[in-house]
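Protein chains: 2
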Amino acid sequence: MPPIAIGIHGGCGTLARELQSEADWAETRAHLEKSLRAAWAVLASGGPALDAVEAAVVVMEDSPHFNAGYGAALTEAEDHELDASIMDGATLAAGAVCAVRRIRNPVSAARAVMERSDCLLIAGDAADRFAERSGLAVVDNAYFTTERRRQALASLKARKQRGTIALASEAEKHGTVGAVALDRNGNLAAATSTGGFNNKPQGRVGDTPVIGAGTYARNGLCAVSCTGQGEIFIRRVAAYDVAARMHYAGQTLDQATAALVFDVLASHKIGAGMVAVDAAGHVRAPFNTLGMARGWIENDGVVHVATHQDAIKAAQLERA
Amino acid sequence: MPPIAIGIHGGCGTLARELQSEADWAETRAHLEKSLRAAWAVLASGGPALDAVEAAVVVMEDSPHFNAGYGAALTEAEDHELDASIMDGATLAAGAVCAVRRIRNPVSAARAVMERSDCLLIAGDAADRFAERSGLAVVDNAYFTTERRRQALASLKARKQRGTIALASEAEKHGTVGAVALDRNGNLAAATSTGGFNNKPQGRVGDTPVIGAGTYARNGLCAVSCTGQGEIFIRRVAAYDVAARMHYAGQTLDQATAALVFDVLASHKIGAGMVAVDAAGHVRAPFNTLGMARGWIENDGVVHVATHQDAIKAAQLERA
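Just so you know, the sequences run in chain order A and B. Residue 12 in our numbering sits at position 12 of the first sequence; the count goes up by one each step and never skips. Residue 212 in our numbering sits at position 212 of the second sequence; the count goes up by one each step and never skips.
Be careful, since some hints might not be right.
As the list claims (entries may be wrong) - Calculated pairs, SDA-like style, for lysine to any residue (alpha carbon to alpha carbon, straight line, at most 25 Å):
#1 A:Lys269 / B:Ala93
#2 B:Lys269 / A:Gly220
#3 B:Lys157 / A:Asp125
#4 B:Lys269 / A:Ser117
Honestly, the hints are just simulated from the structure, not real lab data.
The following block holds chain A by itself, in its conformation from the complex (with noise of 0.2 Å):
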């Protein structure tokens, strides 16, 4: 049977382990691993490269410990501000929203701009109106919130005054979340969804939302999600760049993916992250900072699921 494969991240902006306890790091694995296992239902039973990543973020959204859906990040103004975005490697189609506010899993929301209108992004309020009219589920804005988001940006705000802002860790700052699947019939799929960064401006649109910047994918090549400093990754066209060196360079998707998180996009003195799939089932989540929420399993069946580099490391000894 031909091979299938799902990756995820749950961002680059991992805490360092001492500054979480050690039940809220066993629930970050739980859920990963719930995240992995939601995806690889889809999969193993023959199902849709598409319905895999939607499943696998969805996960995700709904969890505490990632910065998207419940959980996001808080703008400035202290409210909660999303953008998401989903691609079909088979037929390039793709859908986004940005700057939404009320819909409880803006990763379906992409979707159905992608299958039910005729537009591939749409922005804030219409966004939020549109998923309403598609059926979708709304919630209140406040719905989102989490205390852990309300200490980062009162901690980001306080940093702000005192102009230590430059200390703030990538945790404080970023996360986002993200899946890439192949597919029994050699389908790729990528879906990203974030809530930004703390005390971000309202309006603010990060790389999440851009197709080739934070979300691509494409049959034969790979599909890839993106996580760190979204306008630097909008910048360099980071997840087209895999796909690009792949199909124009020869390059494999290690030596693609590895290019772009530890030259190009570490060349900005940013954390960056991404997990990438190819065509052969092949995962590699990199990453250039303490730590990345992060799992995946390959056509073997074996579930992966680790936070810190150390565990990476391990990882890339055992593939050496």
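For chain A, the structure is supplied; the task is to place chain B on it using the hints.
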């Protein structure tokens, strides 16, 4: 002295000749020439490509003959939502706004986002407020409305009711303006601005504010500004794909732009066009529609302005 060059487009949705008076065509050409000369004045005096593309686009935004700024398309709600972006090929810095309603010159707002904010893309009301705080001219939304667009909207709404929407011309639907430039210091820049398409759903965002799709610039390679059905340009990461073909596959500007317009984008059965300049100052402006308002001045200083296919054929012969 190193070469300089400017290229502009006023959208690939140019009307058939017989649908507009000769006086209107003359004014269209005059405004294209004014746009080119505004940019050329910057470049010839050693000024930056960024200033040149902004100046060129501002002239077209202020003209009723193009779908950007004054004269922009009307949404289905009979008002205006504008998108714009700008990119500096020297630094890969970029700025963009989407779904803005009150900024007289959206391209200048995009530049302000690039230079005076930590964001790359700002959406909706927040972008209007940012532009106002940055000291840019704001106007009532009704400022952008022209009689021509009111008629086009009425015609499209009638077609939709009659079920003949598929027969609507590119000119009834789309339109965009854009500019690309090479300056004496070898710096490339690109900018694009649009009102989207007539009768567009509120909140719809096309490729114009999406770096990599509608706009891209990178020193040593090319600057690109696109026009056509934006959703397809986003799916094909069209502007960046020109650069990727040149960088990774060694294609010339001519080969890369032709591949996009006549092969990749045309395969989606859409009208498509772009203007692009390479690091040596060659300008190309391919399109696959009846016409594309366009103009260019290469290093020889000769001003070229054209609106329809016959002119481009002549120009191609001249270059051959």
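Just pull the numbers of the violated hints for me, sorted ascending. none
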